[in-house]
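Q: The lines below spell out each chain.
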Amino acid sequence: MTTTPTTPTTPIAQNSQNAQNTRTATSSAPMVPARYRVVANHRDTADTHTLRLAPLDQPIPRFRAGQFTMVYVFGVGEIPLSVSGSPLVGDDTLVHTVRAVGAVSAALCQAGPGSIVGVRGPFGTGWDVEDSLGRNLLFVAGGIGLAPLRSALLEALGTRDRFGFITVLAGAKVPAEHLYRDEEESWLAHGAVVLRTVDRLEPDPCTLQVPAWDGSVGLVTDLLAGLRARPEHTTAFVCGPEVTMTHTGSALLELGIPAHRIEVCLERNMRCGLGICGHCQLGPDFVCLDGPVTTFDHAEPLLAICEL
Amino acid sequence: MEPSTTARRAVITAEALDDVLIALTAAGYQPVGPVVRDSAIVLDALGSAADLPHGRGTETSPGHYRLRDRSDGAVFGHSTGPQSWKQYLHPARRKLWSADRDPASGDFAPEPVAEVPVRYAFVGVRPCDLAAIRILNRALRRDENAEGPFIVAVECGDPGATCFCASTGSGPGCTDSGEGYDLALTELTGSAGHRFLVTVGTARGASILDAVPHAAAPQSAVMTARRIVAEARGRMGRTLPDTDLRVLLARSAEAERWDDVASRCLACGNCTMVCPTCFCTSVEDTTDLTGDHAERWESWDSCFDIDYSYIHGGAVRTSAKSRYRQWLTHKFGTWHDQFGSSGCVGCGRCIAWCPVGIDVTEELAALDETIEPETAR
Ligand SMILES: Cc1cc2nc3c(=O)[nH]c(=O)nc-3n(C[C@H](O)[C@H](O)[C@H](O)COP(=O)(O)OP(=O)(O)OC[C@H]3O[C@@H](n4cnc5c(N)ncnc54)[C@H](O)[C@@H]3O)c2cc1C
Ligand code: SF4
Ligand code: SF4
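Protein chains in written order, with my numbering: chain A, 235 to 542; chain R, 154 to 530.
Quick caveat, the hints were computed from the structure, so don't treat them as lab data.
The structure presented is a predicted model; accordingly, all values stated were derived computationally and were not measured.
Just so you know, even glycine gets a beta-carbon here, dropped at the ideal spot from N, CA and C.
Careful, some of the hints might be misleading.
Distance ranges between label pairs, derived from CB positions [to be verified]: (1) R:Leu419 with A:Arg464: 33 to 39 angstroms; (2) R:Gly493 with A:Gly368: 51 to 57 angstroms; (3) R:Gly467 with A:Asp281: 15 to 21 angstroms; (4) A:Glu417 with R:Glu437: 35 to 41 angstroms; (5) A:Cys440 with R:Glu437: 36 to 42 angstroms; (6) A:Thr441 with R:Ala267: 27 to 33 angstroms.
Just a few of them, taken from the derived set where beta-carbon distance is under 7 angstroms, the chain A residues facing chain R [to be verified]: (7) Thr260; (8) Phe308; (9) Val335; (10) Ile350; (11) Phe399; (12) Ile400; (13) Leu461; (14) Ser484; (15) Arg505; (16) Gly512; (17) Gly517; (18) Pro518; (19) Leu536; (20) Glu541.
Work the whole structure out from these sequences, hints included.
A: The structure is reproduced here in structure tokens:
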């Protein structure tokens, strides 16, 4: 299945630490992607696909759950995507879950097996799974936010006995937009509790049938009411639209989860991942370096300022 | 600060500037410096000292920049122009890599653009711009120990009306410790003739001086240079409010003044383009008509551009108010958190080149007046 590259590509330092900068020029090397081949493209929902990528060049360094990469589609562009696969996999493959919202993300969703894409990274901070040994883990996701959380969830489930209760609360607009339904069995088998909710349950405009739904209807924060975990021994990982994260964060604080044990994943425009393009600034933070994962006590005052 | 007794000093004649350029060229440097073009003093390659703006000065005020003639024939009697050394250190546009795709297999191999480093000699770097070079390099996370361009700094004797480097601590003089420069000049145009006091900052600076006719610096020349800089400090056109700006801005996020400035600001981004430390860039991926040749380009970007903060669903900073706040807060406030210093060096470019004459020193003073130190936390 492999074609020989037209030119041998030299291994390229991908990490900002390795950037070969001088005082008169910034090396372009950290902006050059390594090639990866799409080895599987799985359609999760109408607009969201999960891609497995295998390196053709020197693979990027190992990632931590919550980190992201910059994925390039030839001639179309490059976008930040969190890794949604487990950091425990033994090989150099990368798994990303992409929601088609524009040019690059749509092209990625359409990239069938054999397609070649570019990858730089991994960048940013990760979820503090390692720091939560012995604690209960609570994952709260809104929409595509479940993708960046999946990486930490699979890490925790892969070393299940190191943690207390593992609970997943996932919200989506409608039943058909829920991600990873097909692997929920396996999460349950590893002892996770999974609760799902939808914003609304309406008849399909074509069939006029109300979709089958065994979960709740309402906001993801409504699911918090049923939690049995001891809050002071719980670490919460939250990812979703910004309003969902701020509401969930506040609700979790009220439940008694310490602010520094609530982690959120921020999203800002990113062009480099190296903290030099400036775009991802949020107050004093460069989200690509100081984030995307950060604690709620740090993020909350920044998110509270409109248009910061 | 008292003149250091250890710094090596010399005096050269105005004519010897040409010898400095010859020595720099002989040592393998490409000299660049101020030249007059399009009614402004811009930066360009220097063939000889005759290219420098002899007898030309500048007149600046908010939204205003004009050249004027000087009776003293000074070569460096101007303040900063629309350009800065950023254009050499961090080009406005550069290609990062290109790739050709094999149409059959879809395979491609990105080829990084081979960088051919030019050994520049920057001639006529003002003290504010010396600080700007240091700050820019830090913001771009460059190796501060790597070899940089050769720098001939020039102390300022005639600051512009938009200058406020005394407030930012970056001018109008250079430090004796040689911070940031290889050679520093002070232009002396008095009765003793048109001369330059030369202060040696580095060993490579010393070797250039050795290749140029020079005389030991009399104490009188050193004292004259001190006086010129001290007087320039006293004639500084503008000042920053005397407060901790980082704290002021951290408390000003919801200030009403932002609405006021937003009603005047055109969000044109000129201030960020002329700023010698603004480093933001955009990355553009393109293809040619065949679709099989792709390139990646990096170009200057501005936080005033609406697309700068675009994420799916819309830009984060849509109002002009939030974009002006980003610029001012970053430059004078959060820059400290990120890079350990202010991002402003007091060069005044953003004031002179703002089409509507918005003055950062005035905006900061207005914030300082309205923000109550205790309560507005
Ligand atoms: C740290 C991080 C992790 C992310 N993880 C995921 C993920 O796991 N799955 C997923 O589906 N989405 C993720 N996103 C969002 C994803 O990056 C955007 O949906 C994507 O950039 C949209 O690009 P587009 O070309 O498809 O859309 P368009 O709207 O056509 O975007 C046009 C251009 O704008 C820029 N742009 C738009 N949105 C963003 C953005 N959020 N960040 C940077 N540049 C942007 C890009 O250059 C893009 O090419 C993540 C974003 C960030 C910052
Ligand atoms: S002021 Fe704006 S353009 Fe300048 S460095 Fe800061 S964010 Fe970038
Ligand atoms: S402050 Fe002036 S130069 Fe800057 S964006 Fe506004 S109008 Fe343009």
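Q: Are the hints correct? Go through all of them and say.
A: Against the structure, the hints:
Our hint of 33 to 39 angstroms for leucine 419 of chain R and arginine 464 of chain A is violated, since their Cβ atoms are close to 56 angstroms apart. Between glycine 493 of chain R and glycine 368 of chain A the beta carbon distance is about 38 angstroms. The supplied range of 51 to 57 angstroms is therefore violated. About 18 angstroms separates the C-beta atoms of glycine 467 of chain R and aspartate 281 of chain A, a value consistent with the hinted range of 15 to 21 angstroms. In this structure the supplied range 35 to 41 angstroms holds for glutamate 417 of chain A paired with glutamate 437 of chain R, their Cβ-Cβ distance being about 38 angstroms.
Distance hint check for cysteine 440 of chain A and glutamate 437 of chain R: the Cβ-Cβ separation is about 41 angstroms, which falls inside the suggested range of 36 to 42 angstroms. Judged by the Cβ atoms, the range 27 to 33 angstroms given for threonine 441 of chain A and alanine 267 of chain R is violated: they are separated by roughly 60 angstroms. Interface hint at threonine 260 of chain A: satisfied, since its Cβ lies 5 angstroms from the closest Cβ of chain R, which is below the 7 angstroms cut-off. Contact between phenylalanine 308 of chain A and chain R, as hinted, is supported at the beta carbon level, the nearest pair being about 6 angstroms apart and thus within 7 angstroms.
Given the 7 angstroms rule on beta carbons, the hint for valine 335 of chain A holds: about 5 angstroms separates it from the nearest Cβ of chain R. The closest approach between the C-beta of isoleucine 350 of chain A and any C-beta of chain R is roughly 5 angstroms, which is under the 7 angstroms cut-off, so the hint is satisfied. Hint on phenylalanine 399 of chain A is violated. Least Cβ distance to chain R is approximately 33 angstroms, over the 7 angstroms limit. At a threshold of 7 angstroms, the smallest CB-CB gap from isoleucine 400 of chain A to chain R is about 30 angstroms, leaving the interface hint violated.
With a least beta-carbon distance of about 30 angstroms to chain R, the hint placing leucine 461 of chain A at the interface is violated under the 7 angstroms criterion. The restraint placing serine 484 of chain A at the interface with chain R is violated, with a minimum CB-CB distance near 20 angstroms, outside the 7 angstroms limit. A cut of 7 angstroms between beta carbons decides the hint on arginine 505 of chain A: the least distance to chain R is about 4 angstroms, and the hint holds. Interface restraint check: glycine 512 of chain A against chain R, minimum CB-CB distance 3 angstroms, threshold 7 angstroms, status holds.
Hint on glycine 517 of chain A holds. Least Cβ distance to chain R is approximately 6 angstroms, under the 7 angstroms limit. Satisfaction of the interface hint for proline 518 of chain A is found here, the shortest Cβ-Cβ separation to chain R being roughly 4 angstroms, below the 7 angstroms cut-off. Hint on leucine 536 of chain A is violated. Least Cβ distance to chain R is approximately 10 angstroms, over the 7 angstroms limit. Interface restraint check: glutamate 541 of chain A against chain R, minimum CB-CB distance 4 angstroms, threshold 7 angstroms, status holds.
Consistency with the previously given hints fails for numbers 1, 2, 6, 11, 12, 13, 14, 19, ordered from lowest to highest.
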